[in-house]
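S.K.: Here's the letter readout for the chains.
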Amino acid sequence: GQNIDQPTEMTATEGAIVQINCTYQTSGFNGLFWYQQHAGEAPTFLSYNVLDGLEEKGRFSSFLSRSKGYSYLLLKELQMKDSASYLCAVPPPYDYKLSFGAGTTVTVRA
Amino acid sequence: ETGVTQTPRHLVMGMTNKKSLKCEQHLGHNAMYWYKQSAKKPLELMFVYNFKEQTENNSVPSRFSPECPNSSHLFLHLHTLQPEDSALYLCASSQDLGLTGGDGYGYTFGSGTRLTVV
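Here the protein sequences line up with chains Y and R, keeping their order.
Here the numbering used here is used: the first residue of the first sequence is 1, the next is one more, and so on.
Here the numbering used here is used: the first residue of the second sequence is 111, the next is one more, and so on.
Possibly wrong hints are sitting among the right ones.
[As the list claims (entries may be wrong)] Using 27 Å as the maximum straight-line C-alpha spacing, the simulated DSSO-like pairs for lysine-lysine come out as follows: (1) R:Lys-151 - R:Lys-129; (2) R:Lys-132 - R:Lys-162; (3) Y:Lys-76 - R:Lys-150; (4) R:Lys-162 - Y:Lys-97; (5) Y:Lys-97 - R:Lys-132; (6) Y:Lys-57 - Y:Lys-68; (7) Y:Lys-68 - R:Lys-151; (8) Y:Lys-76 - Y:Lys-57; (9) R:Lys-150 - Y:Lys-68; (10) R:Lys-151 - Y:Lys-97; (11) Y:Lys-97 - R:Lys-150; (12) Y:Lys-57 - Y:Lys-81; (13) R:Lys-151 - Y:Lys-81; (14) R:Lys-151 - R:Lys-128; (15) R:Lys-150 - Y:Lys-81.
FYI, nobody ran anything at the bench for these hints, they're computed from the structure.
When you get a sec, could you build the whole thing from the sequences and use the hints?
M.R.: In structure tokens:
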């Protein structure tokens, strides 16, 4: 497997910032994905990082460090609708199938 | 509407029943996948189809039987399941077996079928 590790749960207040970390181990890197999954709904694509650095997309940003096998998803100006599970996923080297972490459940409180 | 539709959304079945899950995508994708999602566990890849041909069976028990009659439809036939098979079953599709290109990155998922085996 890809040994993808992310925290199980996080709680934050509306308007705050939350950072979800993901570490992975792979012998060859082919990009890292973040998905959002609301309860009872389909996982939806948030971001794809293949180069080091921060990519910003509105309130959500994703960071990657290939040398450290590390990524984070940053959620800013949290809204109640951001309460969901956030999945980190990495394809194995020379392969196309996504391996997923167990997901981080983020709960946003008023 | 995600572009990938799964039916039924919920299913309760006995261990001796036979049922089928259906997945349909209208995105023009060529590859389709079945994943199992259990609580607090990573998504587990079950089967992969590319251009209707099965390219991967991830050591799935024979009580799960996939069928892909065309690139737009994928079924998962279930028989003599066990209570531990209760989970959310997700279907996904992608443009090709590669992860980028076409209309986006990665997979497009359906909303899943919540299966309970009693």
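S.K.: Now tell me if each hint is right for this structure.
M.R.: Taking the hints in turn, this is what the structure says about them:
1. R:Lys-151 - R:Lys-129: Holds, because 24 Å separates the two Cα atoms, which is no more than 27 Å.
2. R:Lys-132 - R:Lys-162: Roughly 15 Å separates the two Cα atoms, so the pair holds.
3. Y:Lys-76 - R:Lys-150: holds, 25 Å
4. R:Lys-162 - Y:Lys-97: holds, 17 Å
5. Y:Lys-97 - R:Lys-132: holds, 21 Å
6. Y:Lys-57 - Y:Lys-68: Roughly 23 Å separates the two Cα atoms, so the pair holds.
7. Y:Lys-68 - R:Lys-151: holds, 24 Å
8. Y:Lys-76 - Y:Lys-57: Cα-Cα ~11 Å, so holds.
9. R:Lys-150 - Y:Lys-68: This hinted pair holds, its Cα atoms lying about 25 Å apart.
10. R:Lys-151 - Y:Lys-97: Distance of about 17 Å is within 27 Å: holds.
11. Y:Lys-97 - R:Lys-150: holds, 20 Å
12. Y:Lys-57 - Y:Lys-81: With a Cα-Cα distance of about 17 Å, the restraint between Lys-57 (chain Y) and Lys-81 (chain Y) holds, given a limit of 27 Å.
13. R:Lys-151 - Y:Lys-81: Satisfied, since the Cα-Cα distance of roughly 23 Å is no more than 27 Å.
14. R:Lys-151 - R:Lys-128: Satisfied, since the Cα-Cα distance of roughly 26 Å is no more than 27 Å.
15. R:Lys-150 - Y:Lys-81: holds, 21 Å
The structure is consistent with each of the numbered hints, conforming to all of them.
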